[in-house]
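There are 2 protein chains.
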Amino acid sequence: MTLPVFDQTAIERAVTTQLVLDTVRDALIAHAEGRTSVPPPLHMAFPEADGDCHVKAGRITGATNFTIKIATGFYDNPTLGIPSNHGLVCVVSARTGQIHALLDDRGVLTAWRTAAAGALITHAMARPDATTLAVFGTGEQARLQATWLAELRTIGTVLVHGRTLHKANALCEQLHTHGLRARPAETQEAAAADMVITTTPAASPVLSATHVREGAHVTGIGTDMPHKNELPPALFRRARLIATDDHAQCLEHGDFGHAVRAGAAAQNSDIAAGELLKTPVDRPEAAITVADLTGVGALDAALASAVLEQLLR
Amino acid sequence: MTLPVFDQTAIERAVTTQLVLDTVRDALIAHAEGRTSVPPPLHMAFPEADGDCHVKAGRITGATNFTIKIATGFYDNPTLGIPSNHGLVCVVSARTGQIHALLDDRGVLTAWRTAAAGALITHAMARPDATTLAVFGTGEQARLQATWLAELRTIGTVLVHGRTLHKANALCEQLHTHGLRARPAETQEAAAADMVITTTPAASPVLSATHVREGAHVTGIGTDMPHKNELPPALFRRARLIATDDHAQCLEHGDFGHAVRAGAAAQNSDIAAGELLKTPVDRPEAAITVADLTGVGALDAALASAVLEQLLR
Numbered sequence: 001m002t003l004p005v006f007d008q009t010a011i012e013r014a015v016t017t018q019l020v021l022d023t024v025r026d027a028l029i030a031h032a033e034g035r036t037s038v039p040p041p042l043h044m045a046f047p048e049a050d051g052d053c054h055v056k057a058g059r060i061t062g063a064t065n066f067t068i069k070i071a072t073g074f075y076d077n078p079t080l081g082i083p084s085n086h087g088l089v090c091v092v093s094a095r096t097g098q099i100h101a102l103l104d105d106r107g108v109l110t111a112w113r114t115a116a117a118g119a120l121i122t123h124a125m126a127r128p129d130a131t132t133l134a135v136f137g138t139g140e141q142a143r144l145q146a147t148w149l150a151e152l153r154t155i156g157t158v159l160v161h162g163r164t165l166h167k168a169n170a171l172c173e174q175l176h177t178h179g180l181r182a183r184p185a186e187t188q189e190a191a192a193a194d195m196v197i198t199t200t201p202a203a204s205p206v207l208s209a210t211h212v213r214e215g216a217h218v219t220g221i222g223t224d225m226p227h228k229n230e231l232p233p234a235l236f237r238r239a240r241l242i243a244t245d246d247h248a249q250c251l252e253h254g255d256f257g258h259a260v261r262a263g264a265a266a267q268n269s270d271i272a273a274g275e276l277l278k279t280p281v282d283r284p285e286a287a288i289t290v291a292d293l294t295g296v297g298a299l300d301a302a303l304a305s306a307v308l309e310q311l312l313r
Numbered sequence: 001m002t003l004p005v006f007d008q009t010a011i012e013r014a015v016t017t018q019l020v021l022d023t024v025r026d027a028l029i030a031h032a033e034g035r036t037s038v039p040p041p042l043h044m045a046f047p048e049a050d051g052d053c054h055v056k057a058g059r060i061t062g063a064t065n066f067t068i069k070i071a072t073g074f075y076d077n078p079t080l081g082i083p084s085n086h087g088l089v090c091v092v093s094a095r096t097g098q099i100h101a102l103l104d105d106r107g108v109l110t111a112w113r114t115a116a117a118g119a120l121i122t123h124a125m126a127r128p129d130a131t132t133l134a135v136f137g138t139g140e141q142a143r144l145q146a147t148w149l150a151e152l153r154t155i156g157t158v159l160v161h162g163r164t165l166h167k168a169n170a171l172c173e174q175l176h177t178h179g180l181r182a183r184p185a186e187t188q189e190a191a192a193a194d195m196v197i198t199t200t201p202a203a204s205p206v207l208s209a210t211h212v213r214e215g216a217h218v219t220g221i222g223t224d225m226p227h228k229n230e231l232p233p234a235l236f237r238r239a240r241l242i243a244t245d246d247h248a249q250c251l252e253h254g255d256f257g258h259a260v261r262a263g264a265a266a267q268n269s270d271i272a273a274g275e276l277l278k279t280p281v282d283r284p285e286a287a288i289t290v291a292d293l294t295g296v297g298a299l300d301a302a303l304a305s306a307v308l309e310q311l312l313r
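So the sequence lines, in the order shown, correspond to chains A and B. Letter 26 of the first sequence, counting from 1, is numbered 26 in the numbering used here, and no numbers are missing. Letter 251 of the second sequence, counting from 1, is numbered 251 in the numbering used here, and no numbers are missing.
Okay, chain A solo, but in the shape it has when bound (with noise of 0.2 Å):
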């Protein structure tokens, strides 16, 4: 029998929005309860490249499948015209061990559970009333963080804020056609919207911790090494709730680790995020709030088997 290979276009094809939010969002639960496990990845190192590969397994308990997934980052493309990132999903059964099928998915799927994780903790700790959001970052999370966002609750405005003014303004008008209003903004102002979210890969933080208001809610996405870092440690301080995606890994390589071990915060002042879209958030109007999302494996798991299940239909 030959491996069933799925393709990028036929994912997307397979695939709500909705479906990777449930998913997502009963994963984060899981994840938060314990019911997954996530083994340590394999790392290999290319440095005449510039480039890296993890290789990072995950299962959600008692699924009947697990994933593997292969992701390599080569930061030399660019400049062959290729894209720095490339990677397969691999979904096993974890009844007998047969390889099931490969979604050849090129990293969407990583990115759609980076997305639905952002929005559902963003929607989850942020004020019923909250209605202004900003977006550091111009890239494809920046977009899918505002449009998937925009799914759970209505927007009024997106303010963008990227390095350059030209990139902040092609993101708004990706973001008028899906039917946002949206505007570039600076950094002081973008700092001071209701809801923030940043998809940055910037080494030092993005925003200054005492532009954002009492009342608003801040979501760090980009921290996923431990040379990175987007949100402020005073920011920390500042917070009347930390959630973070992965207790260890936020301490090890989030923001959250960062002002850790800043003293900013306590080792285990966070709650998991799950926790939060589980029972709903009992948040003190006024209070800041921020969330630390650094990625867990188990997710991956959670949303290749889903849309494997799609696909065979």
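No lab work stands behind these hints: they were computed from the structure. None of these values were measured; they are calculated from a predicted model. By construction, the Cβ of each residue, glycine as well, lies at the ideal position given by its N, Cα and C atoms. A hint or two may mislead.
[What the hints assert, rightly or not] If we take Cβ atoms under 10 Å as the criterion, some of the chain A residues that face chain B in the derived model are:
#1 L3
#2 D7
#3 T16
#4 A45
#5 K56
#6 A57
#7 N77
Fit chain B to the given chain A structure using the hints.
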């Protein structure tokens, strides 16, 4: 572009025994010279189905490609009428991280590189006038070790030692179809052959060191996990030359490691198999020589790359 997937039939059609032997010889030499990289594998356990999954990566330094090999073993599968083992090999560019192709080989590449390594090192270490070969075990590796060694040197008779006479006879018939003379043999007679290759999953030694004759060579290929053990420590005590395919790995989970822990061999008494393939062995005629092969990830990388090159021609 669709990701190319090559199945077992295509792989078998594209490859000659000679190509596998040449590739594995070069890779063993590269490994002996430190020109390979093999990161720690990723592992998941599925105790409820008596299953496990290993992901292994490997690279020959400077090679265009590297590989990621996914292998599962679910040992309740035979009760469901499906094989215990499954897996595939992913060939990835070490220059750009692009995934070139998937080899849906169902484990055949692993079987070939194991057979090639065993045949090459047995041929290199056995006396030039050695003629009788004994194989312990009656499975695929027993067949491959005999037939591939026959590609490298003339074999007078193959003595087959199995747990049942029925299985030993079945393998003899297979070997006859390959033009080899073969007959079943009891432990003691088999252990006294000029060349002995053990291919079993035994947890305790399959032969007695006292039955091995002066001048004989013994290769063990079945001990690939700490609880396994095919060759007795006393055989290593009698050996004048000991080869390992990977010093650290054979210490950790090979027959060599059992011998060292039993005080029958010094921790640094082995020589890299690749060294012996590079430089002809200067063996005293009457000496006993032993090889312990546990399987090296860089061989998978070399073989998969060579096979893909043939497939893409």
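Tested hints:
no. : hint : in the structure
1   : L3   : 5 Å, holds
2   : D7   : 6 Å, holds
3   : T16  : 24 Å, violated
4   : A45  : 9 Å, holds
5   : K56  : 8 Å, holds
6   : A57  : 6 Å, holds
7   : N77  : 6 Å, holds
Checked against the numbered hints listed earlier, the structure breaks hint 3 alone; every other hint is satisfied.
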